[in-house]
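Start from the sequences and build out the full structure, keeping to the hints where you can.
Numbering of the sequence shown is given in our numbering, commencing with residue 33 and proceeding in unit increments.
It should be emphasised that the hints constitute simulated quantities derived from the structure, not laboratory data. Heads up, a few of these hints could be off.
Stated by the list, open to error - In silico lysine-lysine, BS3-like type, Cα no more than 25 Å apart, as pairs:
1. Lys120 / Lys57
2. Lys128 / Lys92
3. Lys158 / Lys57
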Amino acid sequence: MNEVKMTIKVGGIFLIENINGIMEKYGFKVKAYHRGRGSFICETDKGIKLLKEMETTVNKTWFSYYVKKHLINNDYNQVDQYILMEDKPYYEEKDKKYIVKNWFEGRECNLYDEKETLLAVKNLAKLHKTLQYVSVPEDKLQVTSNSFTYNLKKHNKELKRVRKYIRNKSRYADFDILFLKNFMYYYEKAKESVNNFEELDYNLLIREANTKTQICHNDYNQHNALLVGNKMMTVNFEKSVVDLQILDLYKLIRKVMEKNNWYTEYGMKMIYTYDQCNTINQKQLKVLYNTLLYPEKFWKISNYYYNSKKSWEPKISLEKLQKIIHQQESKNQFLKVLKDQM
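Below you can see the structure in the form of structure tokens.
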């Protein structure tokens, strides 16, 4: 096979690659390759490998290496572990760093399919159960920098800033009218969520997570939960951090429920499935409820609208806001059932 040299834009990042040359350094002979998500998937003489430019810091790469090493040492082998080069989980060449990982021919989990979604939930529960007391050198440890409540308070200020911006406009677009009409409803939900978190003593929960070195994947979604045959593989731990693991479940539930019109039975099945494998205590359940209570999507769209000003297509922003409002009744029904479990 001829040497592959290219300059190509992948995932917004320019990669200047000598694919064969890099893989040969690792002892692999490339038979064929294709583009992945910001990467190259290489078929080699020693199995499928993923090659990409390192996008995180060296310490974060080391941290995710130790996280996956802990999983493998505890019989959770379905991960994309780094392949070491000179005892490092990355390779340096011409002022660039690259990573090579073991990879799998699979497909992303379908979050519209209940069976596949529940498999992903069960997999997450097993992952969390294993990621306790993870041994990581102190200088490589990645701990959450801001508390969830700090971020929510910041979001609340941003919501008020958006309202002020819209109120000061000389002419209102349809988005502006709909936002102002619904602002107080969502802002009250946001304040209620923050107040509930303060009563929970969220910082105490964070300290407990730190004491037990509990790892949160921090990017667990359909892109990183792959179905390979009859197994579920978990990949891309680059954003992993010591944090409340229940936040992984929150993000997954929110994403699934937004795609499935906040169907109550679907959401509760996800929670029950997780609980059967990794018990959810009352404090965790309250965290889950209050994170879901917060109108994150309303904040996200409003804040993006403000920051983008005229550059964002008004029709798209309006449609997104209309969808949130349309789904709110179904979301409230789900939250009521969830609250009854507390």
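Each hint tested on the structure:
1. Lys120 / Lys57: holds, 13 Å
2. Lys128 / Lys92: holds, 16 Å
3. Lys158 / Lys57: violated, 35 Å
Hint 3 alone, counting from the list given before, is not met by this structure.
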